Each structure stands twice: as structure tokens, then as C-alpha cells.
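So the protein lines, in turn, are chains Y and A. With this note's numbering, letter number 22 in the first sequence gets 22, and the count goes up by one each step, no holes. So this note's numbering is basically just the index in the second sequence, starting at one, shifted up by 116.
FYI, nobody ran anything at the bench for these hints, they're computed from the structure. All figures in this text were calculated on a predicted structure; none of them were measured in a lab. Heads up, the beta-carbon is just placed ideally off N, CA and C, and yes, glycines get one too. The reader is advised that the hints may include incorrect statements.
[As the list claims (entries may be wrong)] A few chain Y positions that, by computed beta-carbon distances, are all more than 10 Å from chain A:
#, residue
1, K13
2, R15
3, L90
[Claimed, not checked] Computed spacing ranges between beta-carbons, pair by pair:
#, chain 1, residue 1, chain 2, residue 2, range
4, A, P229, Y, A80, 29 to 39 Å
5, A, H192, Y, G40, 37 to 47 Å
6, Y, Q17, A, N183, 39 to 49 Å
7, Y, R51, A, T142, 27 to 37 Å
8, A, E131, Y, Q17, 45 to 55 Å
9, A, S226, Y, Q26, 43 to 53 Å
10, A, P195, Y, Q18, 45 to 55 Å
11, A, H192, Y, F69, 34 to 44 Å
12, Y, G16, A, I134, 31 to 41 Å
13, Y, E53, A, P195, 42 to 52 Å
14, A, P195, Y, A80, 44 to 54 Å
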Amino acid sequence: ETGVTQSPTHLIKTRGQQVTLRCSSQSGHNTVSWYQQALGQGPQFIFQYYREEENGRGNFPPRFSGLQFPNYSSELNVNALELDDSALYLCASTPGGLAGAQETQYFGPGTRLLVL
Amino acid sequence: DQQVKQNSPSLSVQEGRISILNCDYTNSMFDYFLWYKKYPAEGPTFLISISSIKDKNEDGRFTVFLNKSAKHLSLHIVPSQPGDSAVYFCAASAYNQGGKLIFGQGTELSVKP
């Protein structure tokens, strides 16, 4: 039990729509990261937030955006959905301070998004 | 460019024997390595980690070995149990890339009774 929750568990959208995925971390976890896991692949880093500021971004287009709130919850927003956005979306939180080297990330159960 | 590679997509082991999962990396800036276990319909669960200043870390049945010169790490599970059947991911991070984890493609371990 990591204390990281995500909602919804499953979601179906159509191409061109927008989606918001939510994550709730444990109190005190100041850093949250979002990952996309396509079928048969390892998770790929989308971006990371530390104390409500974006702190790093992977190779994802600007239509992937995020927010982090003071109550340790966060959102991943994806605009103009494409078929290839179908994947499992994972958030991970890090206890303590800024997630630099040598800090373990604890994952939520994920949201499975299907784009038709 | 795949910076972290798990070249074996699957591994089958008899219960009670040793499971050895392997992982190779290319980025010499990586200084922290982790293993996660994932069941279907769940998020990855942290298993064990190792810093680049060490070459071995043990936690119960799980031991991770790091060979920096070969850019190779391995996870040993002894003895293997049927409940260990899952997909195992290795991941790496570098001090100059914040908390970004780079994952391998995963190895599916099947432990047979």
C-alpha cells in the first residue's frame, strides 16, 4: 500500500477529446511524477511537479499538461487525444523533499485510457 | 535510444530455485537503480534499490547486484515462490535529471510450483 490513489481506474474517450486524470499522494509527498505505459513497454516519464511547479519534462508534446495542488493532489490533462494516447497512466510520489537522485518513487494503481 | 534494457522478455523458474533477472544500461550518469514488480491491473510496486556507490544490496529474498564497469545490474530472488510471478522492471535515475526514472521494457517472471 503506497498511499497513492488515482481516478478514474478506466476511461474511454474518442479522438480529439480532452481528458483529465487525477492523482492523490500522501501528505508530505512534495513531488509527483506522471508516466505513460504503453502495452508491452516500460513506463515513460511525462513530467514531474515539485511544490506546484513543473520540475522536468520528458519527450511529450505540449498537449500533455499538468497541475499540482497544495493538498498533495495533482492532475494530468491531455488535449486533442490521439489513438496512440491509449495507455496506462501512472502517477508516482516521492516522500520528503525534491526528488533528485536516490529517492524512491511510489506508484499509484494507474488509469487505463482507451482512445477510440 | 533505449538507455535501460531488459533483454529477456520472459523467464520461467521452478519454485524454490533462484530467479535471476538482468538489466543493462548505457548512461554512465545513472547513479541510482531500482527494481519494481508489477501485477496486471496494478501500479508498479517498489522492491529494492541500489546506489552507484555500492555493488550489492540485500532485502530478505531479494538481492540486487550492480556492476558499474559492465553497466549491468541483476536481481536475484532466492528462493522463488509462485507469488513472485509478475512483470519486473528495472529503472535508473541520474542526479542531474531530477527524479526522472528511465525504465526497461520489463521481464515477465513465471514461478512454477
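Now for the hints, and whether the structure bears them out:
| no. | hint | verdict |
| --- | --- | --- |
| 1 | K13 | holds, 20 Å |
| 2 | R15 | holds, 25 Å |
| 3 | L90 | violated, 5 Å |
| 4 | A:P229 / Y:A80: 29 to 39 Å | violated, 49 Å |
| 5 | A:H192 / Y:G40: 37 to 47 Å | violated, 25 Å |
| 6 | Y:Q17 / A:N183: 39 to 49 Å | holds, 47 Å |
| 7 | Y:R51 / A:T142: 27 to 37 Å | holds, 32 Å |
| 8 | A:E131 / Y:Q17: 45 to 55 Å | holds, 47 Å |
| 9 | A:S226 / Y:Q26: 43 to 53 Å | violated, 33 Å |
| 10 | A:P195 / Y:Q18: 45 to 55 Å | holds, 49 Å |
| 11 | A:H192 / Y:F69: 34 to 44 Å | holds, 41 Å |
| 12 | Y:G16 / A:I134: 31 to 41 Å | violated, 51 Å |
| 13 | Y:E53 / A:P195: 42 to 52 Å | holds, 46 Å |
| 14 | A:P195 / Y:A80: 44 to 54 Å | holds, 50 Å |
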